[in-house]
Amino acid sequence: MSAASVEGAPLLSVRNLKVHLRVGGTVVRAVDGVDLSVDQGESIGIVGESGSGKSTLARAVLKLLPNVEIAAYQGEVNFRGLDLARISDPALRDLRRHHGFSMIFQDPLGYLNPTKRVGTQVAEAIGGNSSASIGDRVQQLLAEAGLPSPMQLARRFPHELSGGMRQRVMIAIALASEPALLFADEPTTALDATVQLQVLETLRRLHRDRKMAMAIISHDLGVVAELCDRVYVMRDGKVLESGDTVEVFENPKHPYAAQLIELSTRHRRHAAAVGSKAAP
Amino acid sequence: MLRFILFRLLHAIPLLVAVIFVILLMLQLIPGDPVQAMVGDFPVSPEFRAAITQQYHLDDSFPVRVYSYFVNLLHGDFGYSYQFQKPVLDLIVETAPRTILLTLVGFLIAIPVGVLIGIITGTTRNKRVDHFWTSFALVAYGIPTFWFGQLLVLVLAVHLGWFPTQGMGPLVSRAHGFSWFVERAHYIALPALAFAVHEGTRFARIMRASVADTLGQGYIITARAKGLTRWAIIRGHVLRNSSLPLITVAGYVLGSALGGAVLLETVFTWPGLGLLLVQAVRMRDNMTVVGIAIFAALAVIVINLLVDLLYAAIDPRIRSGS
Amino acid sequence: MSGAAAIEPPSAEPAPLARAWRSFRTIAGKVVRTRHGAAGCAILLVLALVAAFAPLIAPYAPLQQARASLAPPSLENLFGTDNTGRDIFSLLIYGARTSLAIGLGAALGALMVGGAVGMLAGYFRGIVESILMRVVELFQTLPVIVLVLFTVALFGSSFWLLLVAVILAIWPLQARLVYGQYLRLRGMDFVAAARVADLSTAHIMFREILPSAIEPVIVQVALDASVAILIEAGLGFLGLSDPNMVSWGQILHVAQDYMTVAWWTSLFPGAAICLAVVGLNLFADGLNEVIDPRMRGRLAGLQS
Numbered sequence: 083m084s085a086a087s088v089e090g091a092p093l094l095s096v097r098n099l100k101v102h103l104r105v106g107g108t109v110v111r112a113v114d115g116v117d118l119s120v121d122q123g124e125s126i127g128i129v130g131e132s133g134s135g136k137s138t139l140a141r142a143v144l145k146l147l148p149n150v151e152i153a154a155y156q157g158e159v160n161f162r163g164l165d166l167a168r169i170s171d172p173a174l175r176d177l178r179r180h181h182g183f184s185m186i187f188q189d190p191l192g193y194l195n196p197t198k199r200v201g202t203q204v205a206e207a208i209g210g211n212s213s214a215s216i217g218d219r220v221q222q223l224l225a226e227a228g229l230p231s232p233m234q235l236a237r238r239f240p241h242e243l244s245g246g247m248r249q250r251v252m253i254a255i256a257l258a259s260e261p262a263l264l265f266a267d268e269p270t271t272a273l274d275a276t277v278q279l280q281v282l283e284t285l286r287r288l289h290r291d292r293k294m295a296m297a298i299i300s301h302d303l304g305v306v307a308e309l310c311d312r313v314y315v316m317r318d319g320k321v322l323e324s325g326d327t328v329e330v331f332e333n334p335k336h337p338y339a340a341q342l343i344e345l346s347t348r349h350r351r352h353a354a355a356v357g358s359k360a361a362p
Numbered sequence: 013m014l015r016f017i018l019f020r021l022l023h024a025i026p027l028l029v030a031v032i033f034v035i036l037l038m039l040q041l042i043p044g045d046p047v048q049a050m051v052g053d054f055p056v057s058p059e060f061r062a063a064i065t066q067q068y069h070l071d072d073s074f075p076v077r078v079y080s081y082f083v084n085l086l087h088g089d090f091g092y093s094y095q096f097q098k099p100v101l102d103l104i105v106e107t108a109p110r111t112i113l114l115t116l117v118g119f120l121i122a123i124p125v126g127v128l129i130g131i132i133t134g135t136t137r138n139k140r141v142d143h144f145w146t147s148f149a150l151v152a153y154g155i156p157t158f159w160f161g162q163l164l165v166l167v168l169a170v171h172l173g174w175f176p177t178q179g180m181g182p183l184v185s186r187a188h189g190f191s192w193f194v195e196r197a198h199y200i201a202l203p204a205l206a207f208a209v210h211e212g213t214r215f216a217r218i219m220r221a222s223v224a225d226t227l228g229q230g231y232i233i234t235a236r237a238k239g240l241t242r243w244a245i246i247r248g249h250v251l252r253n254s255s256l257p258l259i260t261v262a263g264y265v266l267g268s269a270l271g272g273a274v275l276l277e278t279v280f281t282w283p284g285l286g287l288l289l290v291q292a293v294r295m296r297d298n299m300t301v302v303g304i305a306i307f308a309a310l311a312v313i314v315i316n317l318l319v320d321l322l323y324a325a326i327d328p329r330i331r332s333g334s
Numbered sequence: 064m065s066g067a068a069a070i071e072p073p074s075a076e077p078a079p080l081a082r083a084w085r086s087f088r089t090i091a092g093k094v095v096r097t098r099h100g101a102a103g104c105a106i107l108l109v110l111a112l113v114a115a116f117a118p119l120i121a122p123y124a125p126l127q128q129a130r131a132s133l134a135p136p137s138l139e140n141l142f143g144t145d146n147t148g149r150d151i152f153s154l155l156i157y158g159a160r161t162s163l164a165i166g167l168g169a170a171l172g173a174l175m176v177g178g179a180v181g182m183l184a185g186y187f188r189g190i191v192e193s194i195l196m197r198v199v200e201l202f203q204t205l206p207v208i209v210l211v212l213f214t215v216a217l218f219g220s221s222f223w224l225l226l227v228a229v230i231l232a233i234w235p236l237q238a239r240l241v242y243g244q245y246l247r248l249r250g251m252d253f254v255a256a257a258r259v260a261d262l263s264t265a266h267i268m269f270r271e272i273l274p275s276a277i278e279p280v281i282v283q284v285a286l287d288a289s290v291a292i293l294i295e296a297g298l299g300f301l302g303l304s305d306p307n308m309v310s311w312g313q314i315l316h317v318a319q320d321y322m323t324v325a326w327w328t329s330l331f332p333g334a335a336i337c338l339a340v341v342g343l344n345l346f347a348d349g350l351n352e353v354i355d356p357r358m359r360g361r362l363a364g365l366q367s
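Protein chains in written order, with the working numbering: chain A, 83 to 362; chain B, 13 to 334; chain C, 64 to 367.
To be clear, the hints were calculated from the coordinates, so they are not data collected in a lab.
Please note that the accuracy of each hint is not assured.
[What the hints assert, rightly or not] The list that follows gives simulated cross-link-like pairs (lysine-lysine, DSS-like), each with its CA atoms no further than 30 Å apart:
{"#": "1", "chain 1": "C", "residue 1": "Lys93", "chain 2": "B", "residue 2": "Lys98"}
{"#": "2", "chain 1": "A", "residue 1": "Lys335", "chain 2": "A", "residue 2": "Lys100"}
{"#": "3", "chain 1": "A", "residue 1": "Lys145", "chain 2": "A", "residue 2": "Lys293"}
{"#": "4", "chain 1": "A", "residue 1": "Lys145", "chain 2": "B", "residue 2": "Lys139"}
{"#": "5", "chain 1": "A", "residue 1": "Lys100", "chain 2": "A", "residue 2": "Lys145"}
{"#": "6", "chain 1": "B", "residue 1": "Lys139", "chain 2": "A", "residue 2": "Lys100"}
[What the hints assert, rightly or not] One-sided excerpt, in silico: chain A residues whose CB lies under 10 Å from chain B:
{"#": "7", "residue": "Leu243"}
{"#": "8", "residue": "Ser244"}
{"#": "9", "residue": "Gly245"}
{"#": "10", "residue": "Met252"}
{"#": "11", "residue": "Val277"}
From the three backbone atoms N, C-alpha and C, an ideal C-beta is built for every residue, glycine too.
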């Protein structure tokens with residue numbers, strides 16, 4: 083199935099990735115020479131402002147770009163010894179279905195099919211086998227994602243659920259393939275403050291219990307600080323600084339990174355001060 | 013769901029009443045002799061004139077006439093056609109099923125073909141395929157149905173003799189069982205084909221746009237992330253979600269099929285409601301014309317209702333009234 | 064990547080007419096660059112020229128009986144003759160005038176009626192909206208051909224009556240479109256700013272909102288024109304259009320009876336109708352491609 087992983091080699095290794103997209107008449111260098119790695123069971127964060135390319139990076143790595151015209155796609159994306167840029171479609175699908183990688187997205191309402199029941203959409207990610215065992219597995223996954231009464235919930239439609247519950251459904255879908263690596267694109271950005279904390283806690287629990295590697299993309303440095311061992315700071319498609327999260331956040335070397343962290347800290351102090359008034 | 017149905021019904025009935033009212037109002041505006049307008053190109057004797065005037069309250073005020081017409085309608089009385097010497101309702105009941113048959117057979121061809129072309133062009137990554145079929149559909153859609161019908165008759169019926177040139181069946185049919193069915197198919201083939209080409213290309217264009225829209229949605233990316241095959245994504249996500257605009261348009265086409273049928277039925281002398289309408293217009297048989305107009309409006313309203321129900325069945329968000 | 068488009072430096076506000084002309088030229092330029100738009104424009108140009116210079120192009124006066132009736136295509140009668148001996152080629156050329164007149168006339172009429180209704184309903188909302196949109200719905204309930212035939216049956220079929228009948232049948236679509244546009248645009252910032260600046264309602268509706276709303280409306284005008292031409296041709300085919308005017312559809316009416324012996328009476332007029340309709344549809348498609356905002360939002364999903 084998948085190539086045997088070499089002891090000590092990173093799970094995911096990205097080298098000099100360049101992704102240039104053609105939009106309108108111009109070429110946008112969304113990802114412009116990025117090096118990145120994720121070890122087994124490690125959790126990294128990718129931070130930056132809007133337009134820094136962090137989201138494009140994640141999607142480009144997992145080959146989940148939307149229908150944009152790709153002007154250039156160069157570099158090496160190595161997952162457990164396989165070059166994702168060059169493997170066949172069936173092999174890629176296989177990785178997405180079994181013990182490979184999964185992704186959850188920022189907008190669970192848009193990323194869930196509004197005309198299908200939630201349980202069906204989770205079941206789709208499981209695939210194969212008899213319907214009885216699938217039903218059980220669906221409930222198991224929904225429960226693991228932190229959802230109450232999974233049996234009733236499976237019959238609901240996405241628009242009937244709250245934002246936080248929808249995000250958990252996405253998590254359940256992502257867990258179905260027992261991934262070694264989970265990408266999360268702005269997992270809490272669209273949620274209310276208290277719900278954010280709960281979902282973060284769920285992600286932390288899953289990271290710990292499943293020993294699953296995670297890559298969290300966020301413009302919210304607080305989220306990354308909570309969850310990630312290492313962090314990459316991006317701007318204009320390039321990585322400006324990377325390293326141990328605590329190290330980078332306390333002693334940023336690159337001036338832009340320093341600015342970003344400073345603004346974020348200030349913002350969070352302000353939010354905390356105001357936060358007591360903005361009760362959920 | 014029940015509340016949804018009730019609500020739509022409550023909306024539909026006043027609409028129908030309003031349409032009928034407007035139609036009757038227009039009937040009022042006809043210049044000239046109201047009795048002649050009612051009766052058509054038909055000589056009237058004085059006694060007859062008096063009888064008509066009394067029966068249809070032509071001497072009374074407009075509200076009274078409207079009221080009496082509505083009362084008659086509720087009793088199933090759409091008026092009487094002096095040209096055809098039959099109650100209008102009988103004429104409608106006789107001819108409508110033939111138009112419905114033609115329309116349904118046409119749909120049976122148009123929808124699958126249109127959906128197929130729409131999906132292929134919408135999901136293909138091959139630009140040339142997409143461009144070719146899109147341009148083809150656009151041009152084919154511009155061909156007037158009645159001219160296309162004439163061409164079909166010219167080539168396939170007159171020149172090649174493979175199909176009959178007109179009508180629903182031979183003057184005297186002695187076919188039974190299966191051969192009867194084949195004979196029917198033989199006669200309906202050309203008109204249904206003419207109908208299907210026009211509507212099929214319309215459906216293909218709608219479907220293509222809808223598919224393109226759906227493919228841009230986030231849940232398609234989720235589906236890809238799950239490791240589903242292209243075909244599984246199309247079958248499981250694209251088809252259902254793209255079908256909503258198609259249903260609306262198909263409903264519209266079905267409801268106004270009477271319109272298209274008018275021209276087609278004239279080309280093929282298909283004895284349906286459309287042909288009846290044309291004949292009635294030519295003979296100035298306004299009672300029949302009004303009756304058909306009301307029937308057409310009724311058909312549109314009923315079909316719109318069904319479309320709304322189908323929509324609600326497919327898209328759960330509409331059911332919850334969000 | 065700083066994704067936002069560069070903001071243009073403020074300049075002296077040019078007169079609205081000059082602005083309109085400039086945006087017209089840019090859009091026209093783009094449309095002609097699309098495959099469909101170019102083809103459509105070419106066809107329409109040819110038709111317009113033919114209609115304009117009909118007396119110079121047509122070999123015979125349309126009602127003149129050239130030779131034997133039902134003569135097949137020949138050097139003297141390029142497309143043959145009809146049952147009264149009139150040259151079909153000349154009939155087609157003069158018929159272009161009728162078709163373009165009805166097409167343009169009905170489309171513009173529908174624009175005025177539908178545009179007014181949609182504008183009022185979309186901007187003022189409330190009871191005005193309720194009443195007007197109910198009226199729109201009312202007219203949409205009758206199938207187009209039925210409405211037109213009905214009107215013709217009751218009132219006759221001179222050119223102007225025909226025009227009114229077609230306008231009555233097609234205005235609801237334009238009304239809905241304009242309504243949707245005004246509904247969407249009235250809530251935007253530039254409208255609020257105009258209100259704060261105490262500009263008159265008429266000014267807001269025509270000078271502020273209209274330029275932003277107009278693009279899909281023009282597409283609909285082109286589509287309306289093609290539908291109008293089809294309806295008129297259909298009526299001619301049924302023998303119910305204005306007998307004093309040369310109409311492509313009318314020739315097809317003749318063809319219906321003589322199809323077995325004179326195929327040219329069917330082929331050429333139909334092709335002319337087809338050409339006009341396809342030309343308008345191609346143009347509408349090209350224009351649509353240029354103004355479709357979906358294209359611009361493509362990168363939105365990747366913005367972070």
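Hints and how they fare:
1. Distance check on the hinted pair: lysine 93/C and lysine 98/B sit about 60 Å apart at the alpha-carbon level, beyond 30 Å; violated.
2. Straight-line distance between C-alpha atoms of lysine 335/A and lysine 100/A comes to about 24 Å, which keeps the hinted pair within the 30 Å bound.
3. About 24 Å separates the Cα atoms of lysine 145/A and lysine 293/A, which keeps this hinted pair within 30 Å; it holds.
4. Straight-line distance between C-alpha atoms of lysine 145/A and lysine 139/B comes to about 21 Å, which keeps the hinted pair within the 30 Å bound.
5. Of the supplied pair hints, the one linking lysine 100/A and lysine 145/A holds, its CA atoms being roughly 13 Å apart against a limit of 30 Å.
6. Annotation: proposed proximity of lysine 139/B to lysine 100/A holds, straight-line Cα distance about 25 Å (limit 30 Å).
7. The interface hint given for leucine 243/A is violated, since its Cβ lies 12 Å from the closest Cβ of chain B, which is over the 10 Å cut-off.
8. Below 10 Å, beta-carbon pairs count as interface contacts, and serine 244/A has none with chain B, the closest being about 14 Å; its hint is therefore violated.
9. A cut of 10 Å between beta carbons decides the hint on glycine 245/A: the least distance to chain B is about 14 Å, and the hint is violated.
10. Contact between methionine 252/A and chain B, as hinted, is supported at the beta carbon level, the nearest pair being about 7 Å apart and thus within 10 Å.
11. The interface hint given for valine 277/A is broken, as the beta carbon of that residue sits about 20 Å from the closest beta carbon of chain B, more than 10 Å.
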